[in-house]
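A.B. asks: Make a model of the complete structure from these sequences and hints.
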Amino acid sequence: MGGAMDISTKGLLFAAIFLVALLALVWLKGGRKILIKSTVSMIRMTIQLSLVGIYLTWMFKINNPWLNVGWIVVMIGAANLSILNHSGLSKRLFPAIFMALAITLFVVLSWFMVFVFMPENPTDARLLIPIAGMLLGNSMNRTIVTTERFYSSILQNEDTFAVSLAMGATVREAAMPFFRESYRAGLAPVLANYAAMGLVSIPGMMTGAILGGSSPSIAVKYQIVIVVAIFAATEIATLLSILFILSKAFLKNGMPNRDMFT
Amino acid sequence: MLKLHSLALTINEKPLFSDFSLSLKQGEKAVLRGDSGSGKSTLFKAMLGLLSVESGSIIINGITLSDDTVSQVRQQISYLPQAIHPFKEESVFDFIMRPFSYKINRDKAPDSDTFMKNISGTLGQLGVDIGNPKEKATRNLSGGEMQRVALVRALFLSRPILFLDEATSALDPKNIARVVKVIAAIPHITILAISHDSVWEDAGFRVIPFPGGEI
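Line by line, the protein sequences give chains A and B. Residue numbering for the first sequence follows my numbering, starting at 1 and increasing by one per position. Residue numbering for the second sequence follows my numbering, starting at 263 and increasing by one per position.
Among the clues, some could well be false.
Derived lysine-lysine pairs resembling DSS-like cross-links, with alpha carbons at most 27 angstroms apart [what the hints assert, rightly or not]:
hint: 1; chain 1: B; residue 1: K365; chain 2: A; residue 2: K252
hint: 2; chain 1: A; residue 1: K252; chain 2: B; residue 2: K265
hint: 3; chain 1: A; residue 1: K252; chain 2: B; residue 2: K370
Derived DEER-like restraints, expressed as beta-carbon distance ranges [unchecked claim]:
hint: 4; chain 1: A; residue 1: G204; chain 2: B; residue 2: D391; range: 57 to 65 angstroms
hint: 5; chain 1: A; residue 1: L246; chain 2: B; residue 2: Q334; range: 16 to 24 angstroms
hint: 6; chain 1: B; residue 1: G386; chain 2: A; residue 2: R172; range: 31 to 39 angstroms
hint: 7; chain 1: B; residue 1: N274; chain 2: A; residue 2: A185; range: 30 to 38 angstroms
The hints are simulated quantities; they were obtained by calculation from the structure and are not laboratory data. Backbone N, C-alpha and C fix where the C-beta goes; we use that ideal spot for every residue, glycine too.
C.D. replies: Below is the structure:
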């Protein structure tokens with residue numbers, strides 16, 4: 001791969017001008033609250049990515065396997081907190097979600113590093129960190145959507161859930177119809193996105209690889225493999241998260257433990 | 263068969279009832295009668311181990327209800343709740359068969375063809391003609407039809423105790439009489455119903471005032 005085309009300071013300035021114009025439009029149409037939210041999220045994103053840029057440059061230079069794995073553990077912790085915050089689950093479920101994400105990343109990353117990408121050094125930061133980030137980001141979003149929908153539908157239909165228990169269902173059996181519905185609902189937009197890939201959207205990773213000097217055929221190969229890895233990671237993470245939480249978020253009599261939901 | 267001793271229940275720190283006792287023999291049929299909101303449905307949930315009682319004991323078919331015995335206790339009871347919510351796209355047949363997909367009931371699962379005939383036959387006795395239960399979607403049933411389909415499901419579980427919570431509330435008087443007559447004629451099963459309708463006592467059900475202290 002050749003070096004990526006750099007963006008000049010002037011180019012960044014023009015991007016900022018465009019953003020300010022856009023925020024003005026947001027303010028006019030959406031009001032002050034949405035303007036503040038949009039501005040804060042844009043500034044936050046810029047600061048976070050700038051810091052990551054500095055940090056990753058340093059990590060790529062050192063390229064220590066323990067440091068790389070340590071960074072992935074930090075990423076899992078951050079994704080975990082985000083899942084708990086956005087899905088309305090108690091912080092007491094941190095270990096269960098952490099376990100689900102850690103197993104997912106270990107299985108998917110090991111498989112793709114050892115058998116698919118086959119780099120000389122499987123813990124190479126340049127490959128390991130960005131791929132782990134992509135897998136984790138997608139797993140996080142999917143887990144939030146599915147777990148939130150799963151538990152809120154059980155709480156909203158507590159009587160139906162209770163009747164299943166009364167008829168002899170275990171927690172897992174009583175929860176299965178709710179899981180299926182939330183799983184389907186979470187999967188539908190993902191499949192629609194995959195179906196439109198290449199026709200409607202050119203995926204970000206592929207665009208990045210082409211801009212970085214890769215030939216489109218190599219970029220496409222990477223993109224296909226990454227989509228498969230993301231699909232595997234999101235499905236495993238979702239299934240494991242719900243499986244692990246099932247044993248923690250329900251009382252001995254099978255009813256949902258409301259202390260586990262915020 | 264069913265013994266409640268000095269039961270007290272509190273929901274959201276509000277006492278619902280206290281010192282409630284009750285005893286039903288095998289095959290006995292009774293109807294609980296009390297004001298709306300007095301906790302009759304909640305009592306059913308407590309007897310099914312879905313709620314914890316504050317004090318007192320619940321003994322079902324010789325088993326004292328606790329966290330460790332809740333599964334055994336539930337195997338003694340068929341329960342028809344007041345509100346029935348089938349899952350989306352569930353056919354009448356799938357709705358009735360759902361409990362038989364649970365591991366604990368799997369050995370009782372009847373073969374499909376005989377079962378189809380039994381479903382149609384029992385629904386006919388209850389005054390419901392829905393055609394093919396595999397093709398009829400539960401979402402297309404009226405409230406009264408749904409109640410009777412749910413009753414068939416509770417009966418087919420063949421458990422020694424049957425709890426009926428306002429099982430005929432969506433039916434017209436003629437069908438209430440028909441359904442209660444069918445239920446009253448079921449031998450051996452201990453039945454505890456909740457209803458304000460006098461047709462139950464006319465059919466021989468013992469009336470239990472709730473909350474009414476020692477019975």
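A.B. asks: Just pull the numbers of the violated hints for me, sorted ascending.
C.D. replies: none
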